[in-house]
Each structure stands twice: as C-alpha cells, then as structure tokens.
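Q: Residue-level listing of the chains:
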Amino acid sequence: MRFAVIVFPGSNCDVDMYHAVKDELGADVEYVWHDAENLDEFDGILLPGGFSYGDYLRSGAIARFSNVMKEVMKAAEAGKPVLGVCNGFQILLEAGLLPGAMRRNESLKFICRPVELKVENNETMFSTAYEKDEVITIPIAHGEGNYYCDEETLAKLKENNQIVFTYNGSNPNGSLENIAGIINEKGNVLGMMPHPERAVDELLGGADGLKLFQSIVKQWREAHVVNA
Amino acid sequence: MYKVKVFVTLRESVLDPQGTAVKNSLHTMNYNEVSDVRIGKFMELNIEKSDRDVEEIVKEMCERLLANVVIEDYRFEIEEAVAQ
Chain B
0 MRFAVIVFPG SNCDVDMYHA VKDELGADVE YVWHDAENLD EFDGILLPGG FSYGDYLRSG
60 AIARFSNVMK EVMKAAEAGK PVLGVCNGFQ ILLEAGLLPG AMRRNESLKF ICRPVELKVE
120 NNETMFSTAY EKDEVITIPI AHGEGNYYCD EETLAKLKEN NQIVFTYNGS NPNGSLENIA
180 GIINEKGNVL GMMPHPERAV DELLGGADGL KLFQSIVKQW REAHVVNA
Chain A
0 MYKVKVFVTL RESVLDPQGT AVKNSLHTMN YNEVSDVRIG KFMELNIEKS DRDVEEIVKE
60 MCERLLANVV IEDYRFEIEE AVAQ
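Order-wise, the sequence lines are chains B and A.
Numbering of the first sequence is given in numbering that gives the first Met the number 0, commencing with residue 0 and proceeding in unit increments.
Numbering of the second sequence is given in numbering that gives the first Met the number 0, commencing with residue 0 and proceeding in unit increments.
Isolated chain B (complex conformation) (with noise of 0.2 Å):
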C-alpha cells in the first residue's frame, strides 16, 4: 500500500507523517507537492497538520483551492481512505469533504498537550484496531479546533455513526459534543484535530496513534491482497 503526504506551503507535520508512516509503520510514502496534477498511482492520501497558506483567511481556506485537492476529492470519490489531521481536517472541513467548520478554541488560546480520546466507533477503515469505548491518549496542538455544526448535521453525524473519536473527561477546546474526529458517510475520509502520528513510539511518550496506521493498513490489505 502506498501512501502520499501532500504537502501544502506551510505544512508542518508532514515530516511526522511520512516518519510514522514509513519508519513505524513499515508502509511506501512519498511527499506531493500541493500543485501535484495526479494520485493515481497513491492508495491512501494524508492531509498532514500545520498551517497551510499561514491560515489567511480561515484555517485550509485557501488550500482548499489548491490544484492537489481536485485529485485528493477524486481519491475520495474512488474510496480511498483520505486522512486528514489537524489542519488537514479543517481543508476537509473547509473543501466539503467532512460536514461543519472549526472556530477559535473556547478559551482563544492555543492548546498543545496530550489529552485523552475514546474510540466511539471502532468499525470504520481508521480504527478497527482499537476497541470500542477504548480510551487513547493522543496530542493535540490547535488554536482552532473548536468543531462545529448545526443541529440537523449533529443528528446525521450520530445517526451514521460518523463521530469516531470524542474528548474523553474534559473538552479542550468547546468542540461540539466533545467531537474530536468524524467520518463521512461513505466511510473513507477521516478529519481529526489529535496528531496521531505525533504517537507512534513509546520514546516520543506513547504509540496509540500508531493503530489508526495499521487500521487502514490491514483494511487495505484485506480488499486488496489475495490471501491477506
């Protein structure tokens, strides 16, 4: 299976990405250039965090726009899994991939710690590796990762089973219902603001993040391998 990091102007955690990926993991990845014209020769795309276009305007506005996204709204269209962590999730966000929109956090300040995740849906392509209700510690690093949506996309978010990760314990940032990262309908697009790919070994002080990786691994491998 062959990963892309797509790497905007202003990325900064496509370096962890690609290490989660490659070192830890053990999968192919390779770096694309925003103004990339093709994927097809990827099977998994990674939106990675940062501060893509120095946020102008609104978090992954302008991105959004970028000539890659065409292709990454294809790969999407195709079912291929599309994961997209922090700033990425806000271009999933802001590019209609994912339903709602990011606001400052509650208190305006910028938040970078570890916090506590539970696994509210463990059958989707991302986290079949971990179990239902399991409780995960993942880092955050966000000023805006204050989800939102209106009350009629909340109710379908819960009636398909689209919330994947919630605060678990104390919200953060005054997300929506604790929601820390959701699914599309379809099942193959992840937005979540946690960097999973920031906890990939114990030395970097856990590897829970790690599992998300394997998930879609063996998800992959399973349709894809003969034999898997």
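Misleading hints may appear alongside valid ones.
[What the hints assert, rightly or not] The following label-pair restraints were derived from C-beta to C-beta distances:
1. A/Glu-76 / B/Asn-11: 50 to 60 Å
2. B/Glu-122 / A/Leu-64: 31 to 41 Å
3. B/His-223 / A/Phe-41: 32 to 42 Å
4. B/Asp-22 / A/Met-0: 50 to 60 Å
[Claimed, not checked] Straight line, CA to CA, 16 Å or less: simulated EDC-like cross-link-like pairs of lysine to aspartate or glutamate:
5. B/Lys-73 / B/Glu-122
6. B/Lys-21 / B/Asp-200
7. A/Lys-22 / B/Glu-105
8. A/Lys-40 / B/Asp-54
9. B/Lys-185 / B/Glu-105
Source of the hints: derived by calculation from the structure; they are not laboratory data.
Every value quoted in this text rests on a predicted model; they were computed, and no experiment measured them.
Backbone N, C-alpha and C define an ideal beta-carbon position, used for all residues, glycine too.
Start from chain B and add chain A according to the hints.
A: Leaving out everything else, chain A in the frame of chain B:
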C-alpha cells in the same frame, strides 16, 4: 472599476469567543453599556468591470472563499470608483 467592501462576521447563533473576551475587557474598563461585541473581517476588493454583474461576482466569491457560510454571515457594499 468597482471598490467593494466585504464584511464577514460569525453568525448570531455561533458563539464568538474573541468578541466575548473584548466585551469582558470593555466591562472591566467600566463601559458597562456594551451588551455585545462581534468580531469579524473587513476586506476591500478592487474589481474591474466585466460582462458579469458585479454583485453576482461578489456574492459568488463570498460563498466560495471569503466567508465560510457554515458559521459566518457576510455583507458587502459596492461603490463605483471614479476613474483617475
């Protein structure tokens, strides 16, 4: 040439944490008459005349990029700039 002023603010139904912080600060300064503060963005655009209706173009730009209509409202004013 048109001069267009675009104002983007959070929707009334969406809590504005920046606005709330500024309101609290104004109250600390004893401006207790302030009952609400909403913070938004102000953009100035110069737009060349074209075949398309300028109002339609600005509306489209607001909906697609300048505002995130999930959480933000926008309004704009169009002035016809005098040629130099």
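Q: Does the Cβ-Cβ separation between B/Asp-22 and A/Met-0 fall within 50 to 60 Å?
A: Because 55 Å falls inside the window, the suggested range holds.
Q: Could you grab the alpha-carbon distance between B/Lys-73 and B/Glu-122 and see if it respects the 16 Å cut-off?
A: 24 Å, violated
Q: Could you check the hint for me, namely that B/His-223 and A/Phe-41 are 32 to 42 Å apart, CB to CB?
A: With Cβ atoms ~51 Å apart, the hint is violated.
Q: Are the Cα atoms of B/Lys-21 and B/Asp-200 separated by 16 Å or less?
A: 13 Å, holds
Q: Given the hinted pair A/Lys-40 and B/Asp-54, is their Cα-Cα distance within 16 Å?
A: Holds, because 14 Å separates the two Cα atoms, which is no more than 16 Å.
Q: Between A/Glu-76 and B/Asn-11, does the C-beta distance stay in 50 to 60 Å?
A: 38 Å, violated
Q: Does the Cβ distance between B/Glu-122 and A/Leu-64 fall inside 31 to 41 Å?
A: Since B/Glu-122 and A/Leu-64 have Cβ atoms about 36 Å apart, the given range 31 to 41 Å holds.
Q: Holds or violated: B/Lys-185 with B/Glu-105, Cα cutoff 16 Å?
A: With Cα atoms ~31 Å apart, B/Lys-185 and B/Glu-105 exceed 16 Å; violated.
Q: Keeping to a limit of 16 Å between CA atoms, is the pair of A/Lys-22 and B/Glu-105 held or broken?
A: 15 Å, holds
The structure is inconsistent with the numbered hints 1, 3, 5, 9, although it conforms to all the rest.
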